[in-house]
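There are 4 protein chains.
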Amino acid sequence: MLETRIIVEKKPKFKNPICIVGLPGIGNIGRIAVGYMVHELKAKKFAELYSPYFFPFVMINNNMIHTLRNEFYYYKGKKNDLILLIGDCQTYDPKGHYEVAGKILEFLKGVGCKQIITVGGFGTGQVSEKPTVYGSVTENEMVSRYKKMGIDFDISGQIGTIVGASGLLVGLSKLYGIRGLVLLGETTGFPIITDPTAAEAVLNILKKILDMKFDLSKLDEKVKAMHDFIRKLESIQKQAMEQLGKEKKADDLKYIG
Amino acid sequence: MLETRIIVEKKPKFKNPICIVGLPGIGNIGRIAVGYMVHELKAKKFAELYSPYFFPFVMINNNMIHTLRNEFYYYKGKKNDLILLIGDCQTYDPKGHYEVAGKILEFLKGVGCKQIITVGGFGTGQVSEKPTVYGSVTENEMVSRYKKMGIDFDISGQIGTIVGASGLLVGLSKLYGIRGLVLLGETTGFPIITDPTAAEAVLNILKKILDMKFDLSKLDEKVKAMHDFIRKLESIQKQAMEQLGKEKKADDLKYIG
Amino acid sequence: MLETRIIVEKKPKFKNPICIVGLPGIGNIGRIAVGYMVHELKAKKFAELYSPYFFPFVMINNNMIHTLRNEFYYYKGKKNDLILLIGDCQTYDPKGHYEVAGKILEFLKGVGCKQIITVGGFGTGQVSEKPTVYGSVTENEMVSRYKKMGIDFDISGQIGTIVGASGLLVGLSKLYGIRGLVLLGETTGFPIITDPTAAEAVLNILKKILDMKFDLSKLDEKVKAMHDFIRKLESIQKQAMEQLGKEKKADDLKYIG
Amino acid sequence: MLETRIIVEKKPKFKNPICIVGLPGIGNIGRIAVGYMVHELKAKKFAELYSPYFFPFVMINNNMIHTLRNEFYYYKGKKNDLILLIGDCQTYDPKGHYEVAGKILEFLKGVGCKQIITVGGFGTGQVSEKPTVYGSVTENEMVSRYKKMGIDFDISGQIGTIVGASGLLVGLSKLYGIRGLVLLGETTGFPIITDPTAAEAVLNILKKILDMKFDLSKLDEKVKAMHDFIRKLESIQKQAMEQLGKEKKADDLKYIG
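If you're matching them up, the sequences are chains A, B, C and D in order. So for the first sequence, the numbering used here puts the first residue at 60; every next one is plus one. So for the second sequence, the numbering used here puts the first residue at 60; every next one is plus one. So for the third sequence, the numbering used here puts the first residue at 60; every next one is plus one. So for the fourth sequence, the numbering used here puts the first residue at 60; every next one is plus one.
Honestly, I wouldn't trust all of these hints.
Since the list gives no way to pick one copy over another, a pair counts as held whenever it fits inside one copy or between any two copies.
[Claimed, not checked] Result set (SDA-like, lysine to any residue): computed pairs, CA atoms no more than 25 Å apart in a straight line: (1) K101 with G182; (2) K233 with H125; (3) K162 with A106; (4) K69 with E200; (5) K69 with I237; (6) K162 with N121; (7) K137 with K283; (8) K267 with D147; (9) K137 with T126; (10) K173 with N121; (11) K104 with G209; (12) K162 with E62; (13) K72 with T220; (14) K135 with A106; (15) K272 with K291; (16) K283 with E130; (17) K69 with T253; (18) K272 with T183; (19) K70 with K207; (20) K173 with R128.
Please keep in mind that the hints were generated in silico from the structure rather than gathered at the bench.
Excised from the complex, chain A in its bound form (with noise of 0.2 Å):
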């Protein structure tokens, strides 16, 4: 595989879609909302993307080999269909990044779609009971839209940059001729794996800003759940990283790379 590739299960029609994206990253928020809405939607998986970007080794689960992927969901909407787009991972190289970023956006172009939210975390080093949910946008109409819905747009002064794919697939969008939001959800940023209630003023954001409405009471019963799956594949990544270290004589091997 010599380049990241998507492959297409099925080929839905779309009806102005819509995609969501929630990768891991600070505090597992985009990965657990989303992650939560594909669940509590019912959405449907139609294509998985892999990379030669991503950590070369598999994972098993329950007898099976799993290899490490992002996945395309779908839901019928009213309005909007939505593209839901969750993953184990994102690449752990630069270049990789913009691989990712560009081959995921010229599917979403191949598939009709014109807009793409994705969802983060902010790491502010505090615990916030209410959890502000901050947003940046790729075309200054959208600011005053959005802000009606309750996303802080004042964040300049805090927020310099967004580091990997929830910041690039919106930078990149424009290229694709697709607008791009990024939500992101306010947390402390230490090493905790995931955070509940950011997720949740995102997903409150995100109803809002779809007009849609389903339920957020199973939330945190779903996010110990994914909590769980989520400890065990960061574990791994780290044995994993590790056994690569020893058997490829890391050291020897660092200035190869």
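Using the hints provided, position chains B, C and D relative to the given structure of chain A.
Frame of chain A, contents of chains B, C and D only:
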């Protein structure tokens, strides 16, 4: 050479071919086991794989230049032809693992292969006189069939991941219409180079899976011969890395790779 | 995005265009000088360059997502049209330097550009009140012409190499049928961010080379404004790198890159 | 520039061409020996090779920008035409070695070349007044022929590997229908830059292999001249690496490569 290349020397027609992969790794179990099969079955080489992601050096062996490679052998069986893949090395590069695995699977798909079995080792830190052979598969229905042959699938708790070719070849096989099985021979994982006991355990399982008979009595002797070659290769790799280091002023280049 | 891309917004027809390049570097002299020309000449943007070899993050600037890029501006001159290339960053990757330079030169060749002038800094470690402008060219016959304009070509002894875009764009220009000149403003090279004095020295030379008049009296004021933006960008880059480090467990990943 | 490129300036028709390669390496023996042949035979340049895997900087040499490159020269011989390949550098990147070697071999195949001889050094740690010339080949039948000319093939025990271009060009030559010979001049391997004695030993062997006569009496003088240039290039590379380090904040970037 910009990409991994497979050079085909002969083009045999295969009857329901199954590919068995034994590349260097923990305990070199795959390499020993499949290398022994190549020898014992008098399998014939029909293709070679070269990769820009292998180490950039050549070995000198009996006056001759030996370029690092993987080799495809075939054996005409009764029910199934076998494609045996062995080699000098795996790639040292995470992205390279995906490229090499992808090229191999593409090639196998092209020759009509529908099943791949990779052989590796699982390091427990303990010496076992009767090593267990662990397994993992791409499709759930395969589990019950292989359990009967003595493969232990109860490993999620113990083995989190499989790093490198053994894992990735099976993990990506589905994308190429191939079903996969990983066999992991229980071994200490200490930096001893070869573990013939674990290799024998895996070979006994392979005989059942393939419904084939071949003599294992010469294994110890063959492993000893291979052991010397492998030890030379490994020590040469280490030397070469150091030489690379000195020539290229590795310390200055570390941040450049 | 697999490769560096240049997105063309308008396609002006150019009359004997000369490209002047000012990207971030030592003393940010090129960036300030050419940035000032863009402003003073009211040059118009007509293309943008994005690269997978730029940092994998976006900036937030006045509510809006800003993706790292280089920008092409044009100015319709009397004898020569000007193509002014400025940008947020250079690549952090050695191979990326070649890719970005190659893409720019290919693009310039495509719009009929036959000459490129890159502007950089030469750090002497000393403060100079009247900085020398050093030069180097791709064709020997250019030396005498430019010497008359006050460029010092006597630098082989002092300046051994030019690292990055300023050097490589000129060094590879010949392969694209373009002749090149590097201008290096003498500067301290201390980690201060901008050196308007050296930029002014270079601009005075550029006025002679291009046989153009433009006012330099607003340079200090503009440099101050740019200085703030550049400092923000640089400090943000530093933050982002640290954030990347924390998120991706940089220490574990070092040997993986 | 995305890939290594060979720019052909003239297209001579070759009669049974043999390519002799002398690139920088241990003792710079190949570079000196083949560089001397270029000079002594008044060979003519007909092509240049540039690579994104070379260092991303240019040198300044007598007012002019010098871009790192390899150069192809030709000499019309009686029985065989010669293609002489010399250059400023090898790549610093393992994958780059494969790309550059592959491009060279593809090019040689294209001009009808069926044989390649690479010249390198073998560092023994000891000073030898009459250095041995070691050899290794791609085809066993070549050994006896070359043994008669004084090449020592008894090296498996001593020389395990050949790192970089000298080895890989021969190691991959078979894939391009080219047969290969590596000549390694015995040298101390201490960080002195040039070893004319070993170069002379190799040149004496080359004269026999090629059945040619050329004067070696000016070797010392020429090596001295080359020595100065090479030392400048090497010291410049070191400086440039440090400069790169400072500019790009190497320490922060280490895990990014």
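Q. Which hints, by number, does the structure contradict?
A. 1, 6, 7, 8, 9, 11, 13, 15, 17, 18, 19
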